[in-house]
Amino acid sequence: MSRITTDIKYSFKETFRDRMNIFWMFIFPIVLFLLFGYIFGGQSDSTTLYYQDNDGSTMSNTFIQSLGSTGALRLKDGSNMDLEKMLKEGKIATYLIIPGNFGQIIQQSGGTSSAGVNMYYDKSKPTSMAVVSVVQQVANGFNMKMSGAHEFITVNSQEAATSGMNYFDFLLPGILAITIMSSAANMSVGTITRLRSIGVFRKLSTTPLSSKEWIASRIITLTVLVILSLAVALFLASLAFDIHPQINVVSLLLVVLGTALFAGFGILVANFVKNEESAMNAVGVITFPLMFVSGTLIPVENMPWFLQYLAKISPLTYLSEGLRSSMITGNTGDAVTDLAIIAVIGIVLFGLGTATFNWKED
Amino acid sequence: MMVKNMTNNVIEVTSLMKKYGDFIAVNDISFNIKKGEIFAFLGPNGAGKTTTVEIMECLKNLTIGTIKILGLDIRKNEMEVKKKIGVLPQDFNVFEWLTVFENIDYFAQMYPAHVDVDTLIEMLSLTEKKGTLFKDLSGGLKQRVGIAIALVNDPEIVFLDEPTTGLDPKARRDVWNAIKELKTRGKTVFLTTHYMDEAHFLADQVNVLHNGRIIAEGTPEDLINNHGGGNTLIMRKCSANAKNEIIKVIPDCEIEGDDILIKLPEEDGMKCMSKALSIVNRNELACEEFYVKKTTLEDVFLNLTGDKLS
Numbered sequence: 000m001s002r003i004t005t006d007i008k009y010s011f012k013e014t015f016r017d018r019m020n021i022f023w024m025f026i027f028p029i030v031l032f033l034l035f036g037y038i039f040g041g042q043s044d045s046t047t048l049y050y051q052d053n054d055g056s057t058m059s060n061t062f063i064q065s066l067g068s069t070g071a072l073r074l075k076d077g078s079n080m081d082l083e084k085m086l087k088e089g090k091i092a093t094y095l096i097i098p099g100n101f102g103q104i105i106q107q108s109g110g111t112s113s114a115g116v117n118m119y120y121d122k123s124k125p126t127s128m129a130v131v132s133v134v135q136q137v138a139n140g141f142n143m144k145m146s147g148a149h150e151f152i153t154v155n156s157q158e159a160a161t162s163g164m165n166y167f168d169f170l171l172p173g174i175l176a177i178t179i180m181s182s183a184a185n186m187s188v189g190t191i192t193r194l195r196s197i198g199v200f201r202k203l204s205t206t207p208l209s210s211k212e213w214i215a216s217r218i219i220t221l222t223v224l225v226i227l228s229l230a231v232a233l234f235l236a237s238l239a240f241d242i243h244p245q246i247n248v249v250s251l252l253l254v255v256l257g258t259a260l261f262a263g264f265g266i267l268v269a270n271f272v273k274n275e276e277s278a279m280n281a282v283g284v285i286t287f288p289l290m291f292v293s294g295t296l297i298p299v300e301n302m303p304w305f306l307q308y309l310a311k312i313s314p315l316t317y318l319s320e321g322l323r324s325s326m327i328t329g330n331t332g333d334a335v336t337d338l339a340i341i342a343v344i345g346i347v348l349f350g351l352g353t354a355t356f357n358w359k360e361d
Numbered sequence: 000m001m002v003k004n005m006t007n008n009v010i011e012v013t014s015l016m017k018k019y020g021d022f023i024a025v026n027d028i029s030f031n032i033k034k035g036e037i038f039a040f041l042g043p044n045g046a047g048k049t050t051t052v053e054i055m056e057c058l059k060n061l062t063i064g065t066i067k068i069l070g071l072d073i074r075k076n077e078m079e080v081k082k083k084i085g086v087l088p089q090d091f092n093v094f095e096w097l098t099v100f101e102n103i104d105y106f107a108q109m110y111p112a113h114v115d116v117d118t119l120i121e122m123l124s125l126t127e128k129k130g131t132l133f134k135d136l137s138g139g140l141k142q143r144v145g146i147a148i149a150l151v152n153d154p155e156i157v158f159l160d161e162p163t164t165g166l167d168p169k170a171r172r173d174v175w176n177a178i179k180e181l182k183t184r185g186k187t188v189f190l191t192t193h194y195m196d197e198a199h200f201l202a203d204q205v206n207v208l209h210n211g212r213i214i215a216e217g218t219p220e221d222l223i224n225n226h227g228g229g230n231t232l233i234m235r236k237c238s239a240n241a242k243n244e245i246i247k248v249i250p251d252c253e254i255e256g257d258d259i260l261i262k263l264p265e266e267d268g269m270k271c272m273s274k275a276l277s278i279v280n281r282n283e284l285a286c287e288e289f290y291v292k293k294t295t296l297e298d299v300f301l302n303l304t305g306d307k308l309s
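One line per chain: the protein sequences are Y and L, in this order. So in numbering that gives the first Met the number 0, spot 9 of the first sequence is number 8, and the numbers just go up one at a time. So in numbering that gives the first Met the number 0, spot 256 of the second sequence is number 255, and the numbers just go up one at a time.
All clues stand as given, with none of them false.
Capping the alpha-carbon separation at 27 Å, the derived lysine-lysine pairs in DSS-like fashion look like this:
hint, chain 1, residue 1, chain 2, residue 2
1, L, Lys75, Y, Lys211
2, L, Lys75, L, Lys34
3, Y, Lys359, L, Lys75
4, Y, Lys8, L, Lys129
Keep in mind that the hints were calculated from the coordinates and are not lab data. Keep in mind the model is a prediction, meaning the values are calculated, not measured.
Kindly generate the complete structure, drawing on both the sequences and the hints.
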């Protein structure tokens, strides 16, 4: 027992001394989160509506204010901007022009003729249509009020956890799953091949420490490190993005078994590919594409059909979806199914990895 | 019964063979090592030294034969044997991001009983480097840490596999002194090396290995006397008539340019030498320099195999 505790104590010391480990375990997940968050989720600017109010009457002001009060749009006064040019150059997605006679027409006609506002939008921007429909809704409401009609149907919209999930909420469990995979697979394959190639295993195998004791100690260390790095990522996500995932038994088990799964994979590769660099590359060749096709960064449904097949056989898909269900959407039933899949693959890979691990040479 | 107790052997290797597929790395070797001696395996790379020592360290499995260490069959008592031996493996390395102290302590904790770490650090003059990370040490210091770690369990037998390969002359001397120190502490030392001067300086007993077989054994002096081919008198830069006169009196001398090489027969080397010198003296012939070249283990190896050691 003291052999295992000694190895755990010193492997922690070693891990925290090497700054590269700190980067990969604690900084990299955050970088990945911010990077993908802003690349794919940072399109909030497309819900910005630029407007030019050429009327400037109380009527046009009220209209703009009611657009703003929907909360669905960000309004920006584009009075002195060449909005037409900006739209053509793709800098903005939509703009609205209120003509100079807007207020006058409404007031003078007394409801007989209608005043037009002009919407311009870029169809290639996915959110531009949504902006147009928001403007349409507001105009409808305005019409009703002006004509004094009774509202027969009102739609009370309520945000549900699933549909209202924004991209950062979606991304967080994906990043956690990627962190588990890359930490577990890379640390296990890296440590084993490195210690073997520089001869530390040769030395260890002459002591009473057995290879099984060593692997047990390293898997304990690795699991604690993975949990620590996830905790740091979660803490920062809650501070910076106000995301508050639930931490429960299912999510914890997913983390532990996911770590065992990818560590088992790393150990297995290290057992058969003896060269340090080749082994690291072999793990990279498999884990790198998995990062992208497993519904971690982009929802599986949004991928082409052939990649969706890949997602189905990628264990990372079940890990990230399990974490998403258990931590974000609260869909425990789905999470338990994912957990069961991870558990089965994890036990097989980890079992095979540890059973074939031996530092005694031929 | 009597034989076992009287021999005082701490290691007994009988008919050891190691095969890798069809390749025979170690071919039917047997030897015994007595308590308290420094025993060296001398041979070029690929002779089978490291394979043999790694089998004895329980690092590799043997194909045929028996090895008894302190009376224990290593195949049946691996754990017991591991507790009683200390090992400095070839190309020794430990944890790069741990300090000297931490590395020694790590290995000390692997044994149920171990020596005080600070005592070991002092013994190998590592006190100043105690807090240095292993990766930042020079080659010689790394080897000294390796010897310290080989001693954490206060072993009766210490295996050192090529302990000075790749070290500069000063570092080699330091490691040699550390090894000599082991002997004074009563340890039995098993050493492998391809440096003949190392074997000569350190070893009480030398086995010469070639192609997986032991081709000669004995003390360094015995080996030199038996297989070295004797000493050679060398007379450098001699004049033409000096060469002519010498060749008349000592017909089996060798002339290399202006140098004369005379093999000194073991029984009457002195006589042969004074004969050559008196010729030069009597005729007032010109030779610039005289010296006797002693044979070394290198010559022993060359004579036995026709190959050079390194």
